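Protein chains: 4
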Amino acid sequence: MAQQRFEDLGIGTKASESRLRLLNRDGTFNVRRKGLPFLKWFSGYHFLISLSWSKFNLLILVAYVAINAAFGGIYLLIGTNGLSGIDGHTLTGRYIESFFFSTQTFTTVGFGKVAPEGMAANIVASFESLSGLLFFALATGLLYGRFSRPIAKIIFSRNAVVAPYQNITAFMFRSANQRTNQLIDVGATVTLSRLEHTESGERTRKFYTLDLERNAVALFYLSWTVVHPITESSPLFGVTKEQLEESDAEFLILLKAFDDSFSQYVHARTSYKSHEVIFGQKFKGIIRAAPDGMTELDLGKIHEFEKEG
Amino acid sequence: MAQQRFEDLGIGTKASESRLRLLNRDGTFNVRRKGLPFLKWFSGYHFLISLSWSKFNLLILVAYVAINAAFGGIYLLIGTNGLSGIDGHTLTGRYIESFFFSTQTFTTVGFGKVAPEGMAANIVASFESLSGLLFFALATGLLYGRFSRPIAKIIFSRNAVVAPYQNITAFMFRSANQRTNQLIDVGATVTLSRLEHTESGERTRKFYTLDLERNAVALFYLSWTVVHPITESSPLFGVTKEQLEESDAEFLILLKAFDDSFSQYVHARTSYKSHEVIFGQKFKGIIRAAPDGMTELDLGKIHEFEKEG
Amino acid sequence: MAQQRFEDLGIGTKASESRLRLLNRDGTFNVRRKGLPFLKWFSGYHFLISLSWSKFNLLILVAYVAINAAFGGIYLLIGTNGLSGIDGHTLTGRYIESFFFSTQTFTTVGFGKVAPEGMAANIVASFESLSGLLFFALATGLLYGRFSRPIAKIIFSRNAVVAPYQNITAFMFRSANQRTNQLIDVGATVTLSRLEHTESGERTRKFYTLDLERNAVALFYLSWTVVHPITESSPLFGVTKEQLEESDAEFLILLKAFDDSFSQYVHARTSYKSHEVIFGQKFKGIIRAAPDGMTELDLGKIHEFEKEG
Amino acid sequence: MAQQRFEDLGIGTKASESRLRLLNRDGTFNVRRKGLPFLKWFSGYHFLISLSWSKFNLLILVAYVAINAAFGGIYLLIGTNGLSGIDGHTLTGRYIESFFFSTQTFTTVGFGKVAPEGMAANIVASFESLSGLLFFALATGLLYGRFSRPIAKIIFSRNAVVAPYQNITAFMFRSANQRTNQLIDVGATVTLSRLEHTESGERTRKFYTLDLERNAVALFYLSWTVVHPITESSPLFGVTKEQLEESDAEFLILLKAFDDSFSQYVHARTSYKSHEVIFGQKFKGIIRAAPDGMTELDLGKIHEFEKEG
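Chains as they are written, first to last, in numbering that gives the first Met the number 0: chain S, 0 to 308; chain U, 0 to 308; chain A, 0 to 308; chain G, 0 to 308.
By construction, these hints were calculated from the structure, which means they are not laboratory data.
Note that this is a predicted model, so its numbers are computed, not measured.
Among the clues, some could well be false.
Since copy identity is lost for identical chains, a pair holds within one copy or between any two.
In silico DSS-like links for lysine-lysine, alpha-carbon gap of 27 Å or less [to be verified]:
id, residue 1, residue 2
1, K39, K240
2, K54, K283
3, K272, K39
4, K152, K39
5, K240, K281
6, K255, K152
7, K306, K33
8, K255, K283
9, K152, K240
10, K300, K152
11, K54, K205
12, K240, K54
Please model the entire structure based on the sequences and the hints provided.
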């Protein structure tokens, strides 16, 4: 049974020696890659789309200044008498005027107070305005791509609990959509990872996909408490908190939902290590019918639990 | 049986006390969120993509005026003698000229009648044209994103009916594509939500996914009457209109289809409360073969039903 | 059996009286909608994305001229002395200059030979450049959206055949990817639609999803001959060409594939009416190993068939 | 069994005579299409999106120069006295000035040093700036589309191995995500293609989808060794390396995964010919727990294997 449901998540058993969590709370991975040259693994798009906003904006600004500094230098090199309207008497003055002429060309604002007259300046300027259009195609495409990138803001309860459920117990955690947009067609996958003794006596990391009371809900209306009933066929059957910790257990959580605003599927990930699983507690209610008839969801209390019974 | 098909839609039973409908007719949810700080739940993209067109356009206009008012002020502050072509003698006159110069820089129209000359004005202008390009990246991206957003325009019959079907009765509602574009691979999910007495005598809200005669059609060619046959295994078996109302029943409808023009899946939602379910009536025909051989679909009559028999 | 596989495609039986094909050869529908006000069913995006290229380009040009004609009129109305550089002596001359100034503002080219000076002209010009940016956001977004729209170019054999297959016969048609791009994860659905006599003696249109030898192929490498083996459980079992025609049969074909270049699923549709189904013929081979070892696919012969045996 | 799992991948048996591999190592197909007119199979989008970067950039540059050369010619034809600021005395000089004025109009930089004055020049210029906006809509759309195109960078081991696995042997190959972005919901399909003798004694190419130990992993965390256990029901059961080569066997590999950065599914393909399958070797470990607790993946060694046992 359990063997059939074994899944390796693309994780070799060698990784099992690490005591670091497999998945960080924010869904990122705890892994380092090496052995490939930079160009093989680096992706400009991935880098620029996941950069922080402050760094991204800074990068745009720095690139903008650097490119114009370069073009300014070129206009100076080919002679600023190729530009009408330049009246600087010093080299620095002429460079500054070239620089600003470059910005006006690169952004296609083209005031025309300074304008290319000579052949060389005209060639450079016509190439620069082309470059500017292409540069801003990338910069603005990325800007909008970052802004409109479909990212789910799913909040997960800080702890999972093992609590009575019907006549048995169950492993549960709680999740909710932080945003006011509408998520539908929501699915969850829960994978248990733990160290086990193999027949030959070695210790190796095993993975089990846990059966859920339901693994999909049609609407992410309020909160969703994902429930794995600990039946006899569950790998958690009869496991105590001590055994869970001793086996360095980790629960890997994946959520998938269709986002109505983005018209796309979004994913969220998190994990619970054994010490984040609370035994004998249940989650506090966070839903109530408000006096005006509306249903109210108090996300500030999503992490709260209380003594069972 | 019924228990197995139980689905909670991410809705806690506490919400069951509310007598408001779970899903509004237009598919929006009847829920209020609280307990999270603004930045945790607010999403600029979601806000701007779902704003009404008039508010969106107004917002663009207001932002445009405000930004240019600010930049106009900066040019005034650093001295309008940094701008060639300014000839205002009063502060107001110079501010107005600065403001319009700013609009010409921000939109990169750059007539050049007024143009930056001094160092400070040039720095601000080159930064402003950069800002303008980035601002319009967002504004125009959102404009086009709103315009091309894949939204299904599915029309649902105002009422559902419970009518004879083969030798039994069935719960039915009618849907159609309002638009002339082609929807394919259409699927429907119908969930019944109602109050029930638990073993312990409490009243709690239960959810049932209803079995459909067919839950997918290959083409949304004309109209589609979605049919739940009320067999013995149906939670509606033997239920009268009075019992339906007493249990505060609500039928939650989800439709999913692939839109050929958007090349994406689109979703539509609605719900029927018990008082919107008509017993003993059937839908009037709205399809006829026109004299020229074409098939004609009269969507104006989609809501109409008539006495059965 | 057959009853269980019945599917109505969202098509009511009333439509059955029409002798027009349900699906045109190019995949469009043979249906007319009425009864809804224009704004309910019209979608600007759907209209503009599916317009022919020549009409789309003409529309852009006409809108461009019309908008500038209007703005040109406004500049004339508020007085062309608000514009520096206007030197027309006649009203027509000044209108022409206003018109061209408007185009320079609307496209943000802004030569500056004519430039706004007065308050009113400046207000209009700054609003016009904003409008221009928003107009071109839509126009260029649509232009690129049309250009990059994921449309499959699947070629279907002009005829389907009913030919010997293993020890029985089978209904077959042939399809291929016209383009050199790579389609993967290809799936097919074949639905038979025909008139049948109901128990009560009426004639009604029935639909059957036909079982395929295989309904998906991993790669659309060369051509794919989709095969429905006519076993005893097939609704085509024992049906002659005459019976097929008499029942006004039509085979509705849907293909779905993942397009590697668009990174999206694409769909193609077609249909075969009974007179397009050839009995006792098989498709000619169109694949051969070229002398250089390459596999060669001759799409020019995809429609060709030959006497079986 | 095997027959049921037969899949033709859209490949006719005639193609079987070719000894070239079906799928190249980089996932492209070994096929040539003919028989269709150019416009039927050519897709501008597919061509431009899959062109190499250097060719794409060159094409933009060439188109830019060519268009401006043409418009420059038009301005010359209608007379450069329609342009203010032209001061060339020779035809060549005036053409050069027209050319650069054209670039300024086409990119909407519009310095204004040269500006249209006459009716004809104004008409051409207003049409050119419109054309420029539409041209750059395509060029910059394609540029960003190419940059942000969701392409998986999956690395496959150079060889597949047939090695002991539990108590039997298994066909295995290794794959990993080259990039640092996160791939989830990863699925694999392995198809065996080989020549077989039919009952009538002919030699024909057959295809088998191989059963995998697991055909999906939830996270592409580290590397994933895809395993086909050679059980009695496997078409590889009892097959020697010589038999594999003699039957011109090829293993076609398809991988599919959801890319977190692109928010889209990505695909990767490769194939192993019989001579690329090593018997009796197993893959070397490439995962280790680094001293700091991180898991380390050495992709430089993904191709390495060692003597089994």
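Results for each hint:
no. : hint         : result
1   : K39 to K240  : neither (44 Å within a copy, 33 Å between copies)
2   : K54 to K283  : neither (40 Å within a copy, 40 Å between copies)
3   : K272 to K39  : between (34 Å within a copy, 25 Å between copies)
4   : K152 to K39  : between (31 Å within a copy, 8 Å between copies)
5   : K240 to K281 : within (16 Å within a copy, 38 Å between copies)
6   : K255 to K152 : both (11 Å within a copy, 23 Å between copies)
7   : K306 to K33  : between (47 Å within a copy, 24 Å between copies)
8   : K255 to K283 : within (25 Å within a copy, 34 Å between copies)
9   : K152 to K240 : neither (30 Å within a copy, 41 Å between copies)
10  : K300 to K152 : within (17 Å within a copy, 37 Å between copies)
11  : K54 to K205  : neither (40 Å within a copy, 49 Å between copies)
12  : K240 to K54  : neither (43 Å within a copy, 55 Å between copies)
Of the hints listed earlier, those the structure fails to meet are numbers 1, 2, 9, 11, 12, in rising order.
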